[in-house]
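Visitor: Let's have the full structure, built from the sequences with the hints guiding it.
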Amino acid sequence: MTETLYIQAINQALHEEMERDAEVIVIGLDVARQGGLFGATRKLYDRFGADRVIDTPISEAGFTGAAIGMAMEGMRPVVEIQFADFVTVAFDQLSTVAAKMHFMTRGATHVPLVVRMPYGVNVSGEGYMTGAGPHHSQSPENWFCHVAGLKVVMPSSPADALGLLKSAIRDENPVMFFEQKGLYYTSRAEIPDGEHLVPLGRAQVKRTGSDVTVIATGAMVMQAIAVAEKLDADGISLEIVDPRTLVPLDRETILTSVAKTGRAVITHEAPATAGFGAEISAVIAEHGFADLKAPIRRVCALDMPVPPGSMVRATMPTQGRIEAAVRELL
Amino acid sequence: MFVTVELTNDVLKDMHRCMVQIRRFEETAGKLMEDGKIPGALHLYVGEEAIASGVMAHLSKEDQITSTHRGHGHLIAKGGEFDRMFAELFGKATGYCKGKGGSMHISNMDLGMLGANGIVGGGPPIATGAAFSNKFRKTDNVACCFFGDGASNEGSLHEAANMAALFKLPVVFVCENNGFGEYTSQANHQAIVDVADRAQGYGMPGVIVDGMDAVAVFEGAREAIARARAGDGPTLLECKTYRFYDHVGVRGMGLSYRSDEEVEFWKKRDPIDQFEAKLREQNIMAEAEIQAVYEQVAAEIEAAVQFAEESPMPDPSTITEDVYA
Chain S
4 MTETLYIQAI NQALHEEMER DAEVIVIGLD VARQGGLFGA TRKLYDRFGA
54 DRVIDTPISE AGFTGAAIGM AMEGMRPVVE IQFADFVTVA FDQLSTVAAK
104 MHFMTRGATH VPLVVRMPYG VNVSGEGYMT GAGPHHSQSP ENWFCHVAGL
154 KVVMPSSPAD ALGLLKSAIR DENPVMFFEQ KGLYYTSRAE IPDGEHLVPL
204 GRAQVKRTGS DVTVIATGAM VMQAIAVAEK LDADGISLEI VDPRTLVPLD
254 RETILTSVAK TGRAVITHEA PATAGFGAEI SAVIAEHGFA DLKAPIRRVC
304 ALDMPVPPGS MVRATMPTQG RIEAAVRELL
Chain F
22 MFVTVELTND VLKDMHRCMV QIRRFEETAG KLMEDGKIPG ALHLYVGEEA
72 IASGVMAHLS KEDQITSTHR GHGHLIAKGG EFDRMFAELF GKATGYCKGK
122 GGSMHISNMD LGMLGANGIV GGGPPIATGA AFSNKFRKTD NVACCFFGDG
172 ASNEGSLHEA ANMAALFKLP VVFVCENNGF GEYTSQANHQ AIVDVADRAQ
222 GYGMPGVIVD GMDAVAVFEG AREAIARARA GDGPTLLECK TYRFYDHVGV
272 RGMGLSYRSD EEVEFWKKRD PIDQFEAKLR EQNIMAEAEI QAVYEQVAAE
322 IEAAVQFAEE SPMPDPSTIT EDVYA
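Chains S and F, in that order, give the protein sequences.
When you read off a place in the first sequence, starting at 1, and then add 3, the result is the number in the numbering used here.
When you read off a place in the second sequence, starting at 1, and then add 21, the result is the number in the numbering used here.
One should not assume that every hint holds.
Claimed, not checked - With a straight-line cut-off of 30 angstroms between C-alpha atoms, the simulated BS3-like cross-links for lysine-lysine are: (1) S/Lys263 x S/Lys296; (2) S/Lys46 x F/Lys289; (3) F/Lys159 x F/Lys58; (4) S/Lys46 x F/Lys159; (5) F/Lys34 x F/Lys288; (6) S/Lys233 x S/Lys263; (7) F/Lys189 x F/Lys156; (8) F/Lys299 x F/Lys288; (9) S/Lys46 x F/Lys156.
Unchecked claim - Covered stretches of chain S (chain F as the covering partner; in silico rule of three or more C-beta atoms under 8 angstroms from a C-beta of chain F): (10) 7–14; (11) 93–106.
Said to hold, decoys possible - Here are some chain F residues pointing at chain S (derived, C-beta under 7 angstroms): (12) Met130; (13) Phe265; (14) Tyr266.
Just so you know, the hints here were simulated from the structure itself, not pulled from any lab data.
Cβ coordinates follow ideal geometry from the N, Cα and C atoms, glycine included.
Guide: See the structure below:
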């Protein structure tokens, strides 16, 4: 076991997969000579050269679409969208072409593509871009969950970042890979030695408990665990489930946990309305209603643009709001 | 070292045959659509045949193309078979995409046809990516990106063209300027007359050819494609053309957006009529030989439509298949 930062885990996954498969390439703005704005692609250029680590103009539609063309021709491109917010410019290429190509051609071609997107608010104050405001802080994962043909992944720890990114690169489908940028330089944990793969579509129970299930994604997993540790002192036992992959969703693990606790709190960094919590809530209501002892609660960002600076804290799902929601259910 | 295709009599005859194939396919498809036998919308290529035939004369199966919503002609010129194309338009299981593509999303990877595209401007980034892969694999294959004057106003084309020039990618941007973005005339959708003017801004040559003259297209494409194969980067090849039918279907929505005089003016410049006049004049094809082409093509079309009509629909139980690879 080696202690590793979240950003190092991403970098390690890229190194390992590029070493393993010569068709894997990295493309995006400042990914080569600069090693990525956040440092996720450091040293790849030195190791693999300009043919496989490609700096591009600021042209998200252009280079994302080009990566789709490469993938159709048998390459395995990994795109870095510098901030997840910028993906809107490339959304047509992802939703119209990448997501539908395998279906439209009845499998004659497919798009093994990974789009890495640093997302969310960096409230930690560590690393780059704290409180960068409405255009550099969003959590847009749910936009993609609604497009059949795309997979959506959100690692919450260094080990998951490593194992899920490696699996995403090996997947034959376009995978939207959301990296919580506040975790890049604050989430440090042990990762297993040797080859570490985490399969897509498998949730993980991050902490076992008996009173309330908290389903959390990305940075909210660590927040939920902190709440759980605090509530232990009051004899309240939380089980924390991290879906890790939103599409395909591991319903089974969520429903099994809710069947045990009878209570569910869902927390994510994106706004509540039509956020992924609504989907999880619907899954529980449709398939686990009889197990519920209390209504489902969502703890999400407010339905508003992400404000800049320290104001953002007032709009985010905080440990205090998670705790309040839990107490309300008991 | 690659070989450039020369304009021999055989090549001229192939281009003629290709144009006739496209014309008859489109006329038939248009009728079948208006008779309600083909579902959805067809955007027909009638009037623009010289471009597909002139460009594709230089391409092999290994070269890639990206097409548009008006894509049947591109696939035919790239070697598409009538039977599987009609079957796809009919939504049948025997179609190129087994009925899951349809007119606006027809493709065939074996022929290097990476797809028609229902989104205007959807293709340029894909062609640029295919060109990236050609360079990555050190082949001398070329990607040709077809788009219209309408798509020339989409940001995706701008991004793709800039990158293609920057990286000297083997791609040719073929603008089929038919004077309309859907129902909006070029004068009403951009301040320029020649889309090729924009090439200079990307750092690539911009070449204008008469898109109603297959030989002119052939010559323009020869240079652009040779340049791409040689590793000297992209070209924007603008072909001035006109669509004889409506934006969609034959008579379309019956909107009033162009004069009968304008349509007649362009019909007098019919690319097939002009081409045949030259073939006869230069004793390359006699009238009987030309007529034989029409008869052969008519028979092929008839057989293909029958094949499509008699083909089975896809099994409904397979409809949810292939959403994921």
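Visitor: Each of the hints needs a verdict: does it hold here or not?
Guide: Hints, verified against the model:
| no. | hint | verdict |
| --- | --- | --- |
| 1 | S/Lys263 x S/Lys296 | holds, 11 angstroms |
| 2 | S/Lys46 x F/Lys289 | violated, 62 angstroms |
| 3 | F/Lys159 x F/Lys58 | violated, 45 angstroms |
| 4 | S/Lys46 x F/Lys159 | holds, 25 angstroms |
| 5 | F/Lys34 x F/Lys288 | holds, 22 angstroms |
| 6 | S/Lys233 x S/Lys263 | holds, 21 angstroms |
| 7 | F/Lys189 x F/Lys156 | holds, 9 angstroms |
| 8 | F/Lys299 x F/Lys288 | holds, 17 angstroms |
| 9 | S/Lys46 x F/Lys156 | holds, 23 angstroms |
| 10 | 7–14 | violated (count 0) |
| 11 | 93–106 | holds (count 8) |
| 12 | Met130 | holds, 5 angstroms |
| 13 | Phe265 | violated, 28 angstroms |
| 14 | Tyr266 | violated, 25 angstroms |
Checked against the numbered hints given earlier, this structure breaks hints 2, 3, 10, 13, 14; the rest are met.
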